[in-house]
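> Sequence:
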Amino acid sequence: KVATTWRKVEAAEAGYLSQDALVRAARQDAARALYFYDRTRLGKKQPYPPTVEPKVAELRPLVANLDKIIDHNRKLLKAYDLAVRHYRRGNLQATLTVLVDLVNHAAKLDLEYLSTKVQKEFHGTLREMMAGCRFELGKEKGKFGETTEYERPAFVKKLISEADGAAGLAHNGYERMLRYRDRGMRTRVPTSLVRETRNYAKDARQWYRAVFEVPYPLRASKRKEIEDQIEYMTKIINHCNRWYIGGTPTPGPPPR
Numbered sequence: 297k298v299a300t301t302w303r304k305v306e307a308a309e310a311g312y313l314s315q316d317a318l319v320r321a322a323r324q325d326a327a328r329a330l331y332f333y334d335r336t337r338l339g340k341k342q343p344y345p346p347t348v349e350p351k352v353a354e355l356r357p358l359v360a361n362l363d364k365i366i367d368h369n370r371k372l373l374k375a376y377d378l379a380v381r382h383y384r385r386g387n388l389q390a391t392l393t394v395l396v397d398l399v400n401h402a403a404k405l406d407l408e409y410l411s412t413k414v415q416k417e418f419h420g421t422l423r424e425m426m427a428g429c430r431f432e433l434g435k436e437k438g439k440f441g442e443t444t445e446y447e448r449p450a451f452v453k454k455l456i457s458e459a460d461g462a463a464g465l466a467h468n469g470y471e472r473m474l475r476y477r478d479r480g481m482r483t484r485v486p487t488s489l490v491r492e493t494r495n496y497a498k499d500a501r502q503w504y505r506a507v508f509e510v511p512y513p514l515r516a517s518k519r520k521e522i523e524d525q526i527e528y529m530t531k532i533i534n535h536c537n538r539w540y541i542g543g544t545p546t547p548g549p550p551p552r
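With this note's numbering applied, the sequence shown corresponds to residues 297 to 552, in that order.
No lab work stands behind these hints, which were simulated from the structure alone.
Model, not experiment: these values are computed from the prediction.
Certain hints may be false.
[Claimed, not checked] Cross-link-like lysine-lysine pairs, in silico, BS3-like; alpha carbons within 27 angstroms at most:
{"id": "1", "residue 1": "LYS371", "residue 2": "LYS435"}
{"id": "2", "residue 1": "LYS351", "residue 2": "LYS453"}
{"id": "3", "residue 1": "LYS416", "residue 2": "LYS437"}
{"id": "4", "residue 1": "LYS531", "residue 2": "LYS439"}
{"id": "5", "residue 1": "LYS498", "residue 2": "LYS520"}
{"id": "6", "residue 1": "LYS374", "residue 2": "LYS439"}
{"id": "7", "residue 1": "LYS416", "residue 2": "LYS371"}
{"id": "8", "residue 1": "LYS498", "residue 2": "LYS453"}
{"id": "9", "residue 1": "LYS453", "residue 2": "LYS520"}
{"id": "10", "residue 1": "LYS374", "residue 2": "LYS351"}
{"id": "11", "residue 1": "LYS435", "residue 2": "LYS531"}
{"id": "12", "residue 1": "LYS439", "residue 2": "LYS520"}
{"id": "13", "residue 1": "LYS453", "residue 2": "LYS416"}
{"id": "14", "residue 1": "LYS531", "residue 2": "LYS437"}
{"id": "15", "residue 1": "LYS520", "residue 2": "LYS435"}
{"id": "16", "residue 1": "LYS374", "residue 2": "LYS364"}
{"id": "17", "residue 1": "LYS437", "residue 2": "LYS364"}
{"id": "18", "residue 1": "LYS531", "residue 2": "LYS453"}
{"id": "19", "residue 1": "LYS498", "residue 2": "LYS518"}
{"id": "20", "residue 1": "LYS531", "residue 2": "LYS518"}
{"id": "21", "residue 1": "LYS371", "residue 2": "LYS351"}
{"id": "22", "residue 1": "LYS364", "residue 2": "LYS416"}
{"id": "23", "residue 1": "LYS435", "residue 2": "LYS364"}
{"id": "24", "residue 1": "LYS531", "residue 2": "LYS520"}
{"id": "25", "residue 1": "LYS498", "residue 2": "LYS439"}
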């Protein structure tokens, strides 16, 4: 029974949240083993036999630890389900509140019984969800609010990723505009193309600037790269504005 229990514990650690039933089964086996060991005392006040005592000493903390895992899983799963329900309804602020509480709850518990890989995956998932909510809320409000130290790495990564995507679309639109001009079709550039390019550039510039508002250390090379992108997006926006009022964009190909 003891060997079987430990195998179940190891399997539960490998699966973590998805193996909640396995943890409960291991706890049940450990409790049953303790029950039978207790019967060897022939009375509550009698000591355990010498061969049994070390096994009991090993099992009691195991049962306590399994109880902690079960309680932990129950709270995490309940909070996670609530966060998903809020997210599906489009209530991002409520989702974020639940996730922050979930992180605080996980931080207060002793997670030593979990492997490093499992802990990393668990926290990585939480950070990604929080970063997604922060980003969408920032888009709704027009500015990006306060972030906790826990979620900042994922949030900065999310900002840069979204900004890079918008910058790429703005760059492609700008090149199409220049091709119209190079073919002598300056006046036939679709207004929708100019407007779309300018909007992408504005979004990218806003999100790049938001990276600097987050108190998170960046490498000097990354900071310089973002500053260059902000400058390039500003140039695209200015050229689009001139195109709207009938001016002539600065000649030459767009900078890379």
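> Keeping to a limit of 27 angstroms between CA atoms, is the pair of LYS498 and LYS518 held or broken?
Roughly 20 angstroms between the alpha carbons, so the hint for LYS498 and LYS518 holds.
> Between LYS371 and LYS435, does the CA-CA distance stay at or below 27 angstroms?
violated (31 angstroms)
> Given the hint that LYS351 pairs with LYS453, test it: the Cα-Cα distance must not exceed 27 angstroms.
The given pair, whose Cα atoms are some 49 angstroms apart, is violated under the 27 angstroms limit.
> Compare the distance between the alpha carbons of LYS374 and LYS439 with 27 angstroms, and conclude whether the hinted pair is satisfied.
Status violated; Cα separation ~31 angstroms.
> Would you check the hint for LYS364 and LYS416, treating anything up to 27 angstroms between C-alpha atoms as holding?
holds (20 angstroms)
> Could you grab the alpha-carbon distance between LYS439 and LYS520 and see if it respects the 27 angstroms cut-off?
holds (22 angstroms)
> Does the alpha-carbon distance linking LYS498 and LYS439 stay inside the 27 angstroms limit?
Answer holds: LYS498 to LYS439 is near 13 angstroms, not above 27 angstroms.
> Would you check the hint for LYS437 and LYS364, treating anything up to 27 angstroms between C-alpha atoms as holding?
Not satisfied, since the Cα-Cα distance of roughly 40 angstroms exceeds 27 angstroms.
> Would you check the hint for LYS531 and LYS437, treating anything up to 27 angstroms between C-alpha atoms as holding?
holds (25 angstroms)
> Taking 27 angstroms as the top limit, are the C-alpha atoms of LYS374 and LYS364 close enough?
holds (15 angstroms)
> Starting from LYS531, check that the Cα of LYS520 is at most 27 angstroms away, please.
holds (17 angstroms)
> Would you mind confirming whether the straight-line C-alpha gap from LYS435 to LYS531 stays at or under 27 angstroms?
holds (23 angstroms)
Violated hints, listed in ascending order, are 1, 2, 3, 6, 10, 17, 21 and 23; each of the other numbered hints is respected by the structure.
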